[in-house]
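Student: Residue numbers (this note's numbering), protein chains in the order written: chain A, 1 to 111; chain B, 1001 to 1110.
No lab work stands behind these hints: they were computed from the structure. Some clues are possibly wrong.
[Claimed, not checked] Below, in silico cross-link-like pairs of lysine-lysine (DSS-like), each with a Cα-Cα straight-line distance of 30 Å or less:
| id | chain 1 | residue 1 | chain 2 | residue 2 |
| --- | --- | --- | --- | --- |
| 1 | A | Lys11 | B | Lys1097 |
| 2 | A | Lys11 | A | Lys65 |
| 3 | B | Lys1102 | B | Lys1066 |
| 4 | B | Lys1066 | B | Lys1054 |
| 5 | B | Lys1054 | B | Lys1097 |
| 6 | B | Lys1102 | A | Lys65 |
| 7 | B | Lys1102 | B | Lys1054 |
| 8 | B | Lys1097 | B | Lys1066 |
| 9 | B | Lys1097 | A | Lys65 |
| 10 | A | Lys11 | B | Lys1102 |
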Amino acid sequence: EAAVTQSPRNKVTVTGGNVTLSCRQTNSHNYMYWYRQDTGHGLRLIHYSYGAGNLQIGDVPDGYKATRTTQEDFFLLLELASPSQTSLYFCASSETNYEQYFGPGTRLTVL
Amino acid sequence: EQQVQQSPASLVLQEAENAELQCSFSIFTNQVQWFYQRPGGRLVSLLYNPSGTKQSGRLTSTTVIKERRSSLHISSSQITDSGTYLCAMEDDTNAYKVIFGKGTHLHVLP
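Build the full structure now, drawing on both the sequences and the hints.
Tutor: Put into structure tokens, the structure is as follows:
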């Protein structure tokens, strides 16, 4: 089974702070995704990538940057964090669109 | 406009009762799948069911694409079934994007 790990698992920062969320998958999937999950909104796609060096814009990209450095690693960057970015963040990988494997999530709090 | 709608939003059952979860969608798709999530936990794929009926253990999914709906039946519910069930499907404008419903929160009581 595909393994997707995320770090850190919990993060607290202050408004204006810089945050980097990391995701690694070990099954050489081409596609990787970053989602945020909020009560009342469900899962929303921030950015995704179909290979090293590639980046695609998702549905809620404002305030987020992402970088895919290798086949395995996908990073989400918040350069000026705001309280509205307090959320539960999930990374996922897939080789097909109907079999996404999710990481355990990162809970981010912006004070 | 919400493209994937799930009902009910929440459901409380007594252990051993059956549950019926519904998903309806406004987009044209042929990729429907169901996920399970414990509170604050990772999403786990339960069933991929593009059409017809598919069963996995106590879970049965029925998808009727032309009517743009899918259901998930949980038989003989257990306390450990408690959590959120999400319906998801391929974005009809982008094959590698997946659109999720907001989920049905299931609480099974002893």
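Student: Work down the list of hints and note, for each, if the structure agrees.
Tutor: Verification of the hints:
Pair hint Lys11(A) plus Lys1097(B) holds up; C-alpha atoms about 27 Å apart against a cutoff of 30 Å. For the proposed pair Lys11(A) and Lys65(A), the alpha carbon gap of about 17 Å is at most 30 Å, so the pair holds. Taking the CA atoms of Lys1102(B) and Lys1066(B), the gap is about 22 Å. The hint holds against a cut of 30 Å. The suggested pairing of Lys1066(B) with Lys1054(B) holds, with an alpha-carbon distance near 17 Å, which does not exceed 30 Å.
Among the hinted pairs, Lys1054(B) with Lys1097(B) is consistent with the structure: their alpha-carbon atoms are about 23 Å apart, no more than 30 Å. Distance restraint check for Lys1102(B) and Lys65(A): the Cα-Cα separation of roughly 25 Å lies within the 30 Å cut-off, and the hinted pair is therefore satisfied. The suggested pairing of Lys1102(B) with Lys1054(B) holds, with an alpha-carbon distance near 22 Å, which does not exceed 30 Å. Restraint check: the Cα-Cα separation between Lys1097(B) and Lys1066(B) comes to about 21 Å, which is no more than 30 Å; the hinted pair holds.
For the hint linking Lys1097(B) to Lys65(A), the alpha-carbon distance of about 18 Å falls within 30 Å, and the restraint holds. Between Lys11(A) and Lys1102(B), the direct Cα distance comes to roughly 25 Å. Compliance with the 30 Å bound is thereby established for this hinted pair.
Checked against the numbered hints listed earlier, the structure breaks none of them; every hint is satisfied.
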